[in-house]
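Student: In order, the protein sequences belong to chains A and B.
Straight run, no breaks: the first sequence in my numbering ends on number 249.
Straight run, no breaks: the second sequence in my numbering ends on number 201.
In short, the hints are calculated from the structure, not lab data.
Even glycine gets a Cβ: it sits at the ideal position worked out from N, Cα and C.
Mixed in with the good hints, there may be bad ones.
Straight-line Cα separation of at most 25 Å, DMTMM-like style, residue types lysine to aspartate or glutamate; simulated pairs [stated by the list, open to error]: (1) K86/B <-> E195/B; (2) K86/B <-> E223/A; (3) K194/B <-> D54/A.
Some, not all, of what chain B presents toward chain A, calculated at C-beta under 8 Å [what the hints assert, rightly or not]: (4) S2; (5) R12; (6) V33; (7) K83; (8) A171; (9) G185; (10) K194; (11) D201.
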Amino acid sequence: MERTALLGRLTWRLAGVAEVVPETARTATLVLDVAGWPGHRAGQHVDVRLTAEDGYQAQRSYSIASAPGEPQLRLTVERLDDGEVSPYLVGELRAGDAIELRGPVGGYFVWEPGGGEPLLLVAGGSGIVPLAAMLRRRIETGDATAVRLLYSSRTPADVIYAAELERAASLEGIEVNHTYTRSQPQGWTGYARRIDDAMLAEVAWPAAHGPLAYVCGPTSLVETAASGLVAVGYDPAAVRTERFGPTGG
Amino acid sequence: MSYVSRGFRGRRKDAGAGGRVPPGQYLTDDFPVLSAGPTPHTPLDEWSFSITGELDEPRTWSWDEFRALPTETVTRDIHCVTKWSKLDTVWEGVPVSALLEGLDTAAEFVVAFCDGGYTTNLPLEDVADGNAWVVHTYAGEPLEPEHGGPVRLLVPHLYFWKSAKWLRGLALRQEDEPGFWENYGYHNHGDPWKEQRYWGD
Numbered sequence: 001m002e003r004t005a006l007l008g009r010l011t012w013r014l015a016g017v018a019e020v021v022p023e024t025a026r027t028a029t030l031v032l033d034v035a036g037w038p039g040h041r042a043g044q045h046v047d048v049r050l051t052a053e054d055g056y057q058a059q060r061s062y063s064i065a066s067a068p069g070e071p072q073l074r075l076t077v078e079r080l081d082d083g084e085v086s087p088y089l090v091g092e093l094r095a096g097d098a099i100e101l102r103g104p105v106g107g108y109f110v111w112e113p114g115g116g117e118p119l120l121l122v123a124g125g126s127g128i129v130p131l132a133a134m135l136r137r138r139i140e141t142g143d144a145t146a147v148r149l150l151y152s153s154r155t156p157a158d159v160i161y162a163a164e165l166e167r168a169a170s171l172e173g174i175e176v177n178h179t180y181t182r183s184q185p186q187g188w189t190g191y192a193r194r195i196d197d198a199m200l201a202e203v204a205w206p207a208a209h210g211p212l213a214y215v216c217g218p219t220s221l222v223e224t225a226a227s228g229l230v231a232v233g234y235d236p237a238a239v240r241t242e243r244f245g246p247t248g249g
Numbered sequence: 001m002s003y004v005s006r007g008f009r010g011r012r013k014d015a016g017a018g019g020r021v022p023p024g025q026y027l028t029d030d031f032p033v034l035s036a037g038p039t040p041h042t043p044l045d046e047w048s049f050s051i052t053g054e055l056d057e058p059r060t061w062s063w064d065e066f067r068a069l070p071t072e073t074v075t076r077d078i079h080c081v082t083k084w085s086k087l088d089t090v091w092e093g094v095p096v097s098a099l100l101e102g103l104d105t106a107a108e109f110v111v112a113f114c115d116g117g118y119t120t121n122l123p124l125e126d127v128a129d130g131n132a133w134v135v136h137t138y139a140g141e142p143l144e145p146e147h148g149g150p151v152r153l154l155v156p157h158l159y160f161w162k163s164a165k166w167l168r169g170l171a172l173r174q175e176d177e178p179g180f181w182e183n184y185g186y187h188n189h190g191d192p193w194k195e196q197r198y199w200g201d
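Isolated chain B, as found in the complex:
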């Protein structure tokens, strides 16, 4: 039983969202920025994207090669562990499944790695089955650096810290390797519908 807060009624702005708001979340129309450190600014001619780790030949794309890959435009709801959710965000990018296509690997996990040293870990199945994209466009515009540009991971079915900003590649791993926030008390998987915010949730 929860303690009833005397006189608290709540705004209930989210009542019309038709079950799209996970437990403990509230809706926002803004797009808040949360980062642990300074925003990196890597020049595009020095930028590359790689699939590394448990595979025979690492795969690498330059910016021009990456931008030449076929893209999808997807509309998804996103959920940040700091409690805000944002509905119907529109992204364009390359499906992770396309980047991994034809790849022979024993890996069951990936570590997303980024400019600035940020990492986050995911089961391979969470990014390989049409559930994740490497996006370069938000709401029809190039992704702003403070929101993770030039590209970020988009894994909308998990809390948004898994959608790593300033993404530079995915490292395939046989063992699970907790990433940045996963080492600092945040849940290893991060399913918002199970409210997996912190260790032990």
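Just chain A, same shape as in the assembly:
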């Protein structure tokens, strides 16, 4: 295990909001200009801090959506109805505002091209965010890593980055598989259930190819997918997980 480069204390930086882009009814992408941003790796996250007029503060962590090579930092945030921070970020924040953040944080749930292993990305809901950063990294570097994405959403309207994922799927070496657990488009012949072992057996790279898997979503999905991949022969050390619980906000 290599120690990643230590860039010193993670200081709070002021990030200017260039744009807030709605993605779905519950999610929006914050496009940020961060002076002195040290760069990040696909899969990392940042801590965001909000301060009220009387000094009260709240902090939360959000995955970075943008690829490392993009000029602006993007965070995609899901609004949690009983949340404290996410309703502000998704519903109140607008271009010209600023937020404080520090990062990047996390050195394990990251992907960089060059390893040669086929890449399996398994996402549930807003768990797509750090995985999309990996997919964008693959595309922006022109790397040839074969990628399969399995993305579980409640309905087609809940798919984050739908148009971008459709474009990505038209590229050589990238496959995108959706499953819709609650309602499906007219005439849909694809998956219409929660991710299970049978689905993983169909979509996942065979274990013999030595794949690297990243799984991100709610705990139940992560438990099912990670256990299922180990059951079909994946090396547990090659299955990296990150979870978005029901709390947060």
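Here the structure of chain A is known, so what remains is to put chain B in place on it, guided by the hints.
Tutor: Here is chain B on its own, set in the frame of chain A:
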């Protein structure tokens, strides 16, 4: 000076917690699960718990031997570096001090080691003085695998990644050896009251 977020007031759900919520944390009633990889499932007849490293004779317990040790039931607040805190969690397990009792060692540090390869490092004094337990029961029920069962370390005065899940033993060390998250940018000690989240905090 912090930047004031226009129109942000906050929920302040934690105001009634009487100083029990460390800086930057918020309260939750849920018990979120965070793990870096798949949940291991070691059969209990293959399971053992060991004290290894800087001592004359390693100590090892089978599951039955471990479960026969005297336990304590403790109620503690826990704090995860991902910002949630949970008050009054109830655990039952064996005090680490009992597992180390009578032991002659020059070690000043321990590395907790686990199924799945996870490790985390702690100063010996953080686990030896009645501050830490090896717990097998949460809220009166056997600890679920996704929360670290059959046993996890409980070190409630540090961020919860130090309370290693799927614990299989403690290795006594003379030198400090950063563990899994400590190698990936997280603080070496992890005191929530000093907000020691990341390197340099």
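Student: Which hint numbers does the structure go against, in order from smallest to largest?
Tutor: 8 and 10
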